[in-house]
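Participant: Residues per chain are reported as follows:
There are 2 protein chains.
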Amino acid sequence: MNGRLTVNFFELIAKDDTTAARAGILHTDHGDVETPIFMPVGTQGTVKTLSPDELLENSVQIILANTYHLYLRPGDDLIREFGGLHRFTSWPRPILTDSGGYQVFSLADLRKLSPDGVRFQSHLDGSHHIFTPEKVIEIERNLGADVMMVLDECTPYPCSFEYAQQSNQLTLEWAERCREHFEKVANPHGYRQFLFGIVQGSTYPEVRQVSLNQLIKLDFDGYAIGGLAVGEPKESMLEISKFCAEQLPKDKPHYLMGVGKPEDLVDAIALGIDMFDCVIPTRNGRNGTVFTWQGRLVIKNAIYRDDPRPIDEQCDCYACRKFSRAYIRHLFQAGEILAPRLATLHNIHFYMELVHRAREAILESRYPEFANDFYRQYHLENKDSVLTA
Amino acid sequence: MNGRLTVNFFELIAKDDTTAARAGILHTDHGDVETPIFMPVGTQGTVKTLSPDELLENSVQIILANTYHLYLRPGDDLIREFGGLHRFTSWPRPILTDSGGYQVFSLADLRKLSPDGVRFQSHLDGSHHIFTPEKVIEIERNLGADVMMVLDECTPYPCSFEYAQQSNQLTLEWAERCREHFEKVANPHGYRQFLFGIVQGSTYPEVRQVSLNQLIKLDFDGYAIGGLAVGEPKESMLEISKFCAEQLPKDKPHYLMGVGKPEDLVDAIALGIDMFDCVIPTRNGRNGTVFTWQGRLVIKNAIYRDDPRPIDEQCDCYACRKFSRAYIRHLFQAGEILAPRLATLHNIHFYMELVHRAREAILESRYPEFANDFYRQYHLENKDSVLTA
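Residue numbers (our numbering), protein chains in the order written: chain A, 1 to 389; chain B, 1 to 389.
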């Protein structure tokens, strides 16, 4: 599918004996990514509050950036001129860009959907724009991410069977047009880019099946499961993920978009998911919620006023090596920027450690024990549905 | 003046031949500080946007923290319990605390000044408090800074001769009470703390003279020149600084409070000032103004939209090694926290490099050449009076 096929993109390394969990490697021209992997969200070309060096120090292997945001500001033309996102942002490792579809439907004003594409007004300045499948491919080529996503409509939850079906037809047409245009337009930056299809169909297995059949025929480099983590019950999320993951090609990476909480990752990895992205570790961190192996902790709470312990005594991130809960709480109370920095840093470290431990468990074929150990320690405060990205 | 006098606090190393510029060392139990020095402001126990490690990486030797803020939140009792500010904040090098007087007069509500001290209401929650000279010494002992400042009234500019005189009398009485109480109350943390007197007297040499005579008699570990950088013309600031610096003991450090712009530091060092603090590098950084050897630069301006150069091509800070003006401008436009982080980091690096180069010039007795070189390169956009802290 790409010019330089000397190294296959996805390499499957191991499979757990009793679950569908897989360990693999994504080979990109910006380095390898060990799966299962979590991708921190860097919407506007920066993972909020963190520097690229901090991401590297905390074993981040690939980040996600948002096509919609970067197209509007600073513009994909400018980023192309700077040699692509890696050079512009000084992030040397792989990047994945979404297609912008999700943001057009959640952020932009006055959207108008047509078979050709979607017209919208910028949420920043009201300017008029259109995203067609072809346009989005060109933008993503300019941005230069290692992994590009096709333009799709992410259906809201709940949505009717009819809506899911119709929307899926459009998404499939767009996927085909993206696939074709991807072949026509080269990467201006020279290195390899890969294109993922996105399975839609809401919570309807029949619609998901149509999506799967058609997308698999188009032979993408990888497959995402979209339209989940949008408010549906966790059971539906896992059920649909399982339904899709079982049918997706085994030799291609499987990416569950917008998921999720630590426990969601543990569950979805068991179903054969290889890649995740979610704003939870960064957004929650900025709001003062941090993750530990014992569960979530709201560091701003008064009970931490004089707590000399680190966020997590088992953690060796910079925040935990250097600072007490009392100091971090003080920083949040005082509105200091170091507060969201330290909480985000810790959360990203925690997520990377979580997928790393999951991978180790898969390589040793003891994923169920790993998941049981995780659940035994991890205190679930509530049974909320997975937060949306 | 202190228990362990095995090492003198201030050591004068060199004097420039043609100016009054001096190079010295402050010996503290948290390490040495090479003067002339700039002290970044860490009001609430953090230099805004930066981590302690970033301060260390950028050669910061001593930071300032605000007694008023830390007394109100999280409380000097809590910080004492944690072993003092160094341990609480994870900053291993020296710290100076102001007396809180300046903030009481600029931030607190319903201030009531009496010979005993100053009553005020917290700007945070309206709670009632009183700062007496004795109380402030006890708070600063609890905070555990290496250098403590006496309680004073920083006169506003302009103020009448009579007001300056009266205020100065009160400030001198307070200085004496601080000096006495400092001897009575030990440091709960064990290590040495030093106490500085603060010369007041507004822009009136006669009043400054009274202040100088009295404070020198009290034999403080160091002397600050207060009541400047509050809106007076730069000429007055330099004139009064010169008047004071010439009469201050040569074997004690001289600290010009709240100053200032890079050019102010260059000028005041020539008058014999050893220590500076100011919010300019941090506050301006957060607002998108950065300092270069060619002058100030407003990085948010549209002309930097596609500028591939670093902030300063002569600078080797992390921001300049890794990022373009275009990217940093984008981060400011997008409201990303990495923007104020990088701009602040660069500015602190610039200020530390400035005082380092000044010190080198003094050691080689070529301070006038250094100052001329600085002014030849540095573009002064306007002749504003020095910004207040």
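To be clear, the hints were calculated from the coordinates, so they are not data collected in a lab.
No residue lacks a Cβ here, since even glycine has one placed at the ideal position from N, Cα and C.
Check each hint, because a few of them may be wrong.
What the hints assert, rightly or not - A short, non-exhaustive set of chain A residues, derived as facing chain B with CB atoms under 7 Å:
no.: 1; residue: Thr49
no.: 2; residue: Tyr157
no.: 3; residue: Pro158
Stated by the list, open to error - Using 20 Å as the maximum straight-line C-alpha spacing, the simulated SDA-like pairs for lysine to any residue come out as follows:
no.: 4; chain 1: A; residue 1: Lys300; chain 2: B; residue 2: Lys322
no.: 5; chain 1: B; residue 1: Lys322; chain 2: A; residue 2: Asn8
no.: 6; chain 1: B; residue 1: Lys300; chain 2: A; residue 2: His69
no.: 7; chain 1: B; residue 1: Lys300; chain 2: A; residue 2: Lys300
Participant: Decide, hint by hint, whether the structure agrees.
Facilitator: Cross-check of the supplied hints:
With a cut of 7 Å, the hint placing Thr49 of chain A at the interface with chain B holds, because the nearest CB-to-CB distance is about 5 Å. At a threshold of 7 Å, the smallest CB-CB gap from Tyr157 of chain A to chain B is about 29 Å, leaving the interface hint violated. This hint is violated: Pro158 of chain A has a C-beta 33 Å from the nearest C-beta of chain B, more than the 7 Å allowed. With a C-alpha separation of about 33 Å, the suggested pairing of Lys300 of chain A with Lys322 of chain B is violated against the 20 Å cut-off.
Simply put, Lys322 of chain B and Asn8 of chain A have alpha-carbon atoms about 31 Å apart, too far for the 20 Å limit, and the pair is violated. Proximity of Lys300 of chain B to His69 of chain A is assessed by CA-CA distance (about 18 Å); at most 20 Å being required, the pair is judged to hold. For the proposed pair Lys300 of chain B and Lys300 of chain A, the alpha carbon gap of about 33 Å is over 20 Å, so the pair is violated.
Of the numbered hints listed earlier, those contradicted by the structure are 2, 3, 4, 5, 7.
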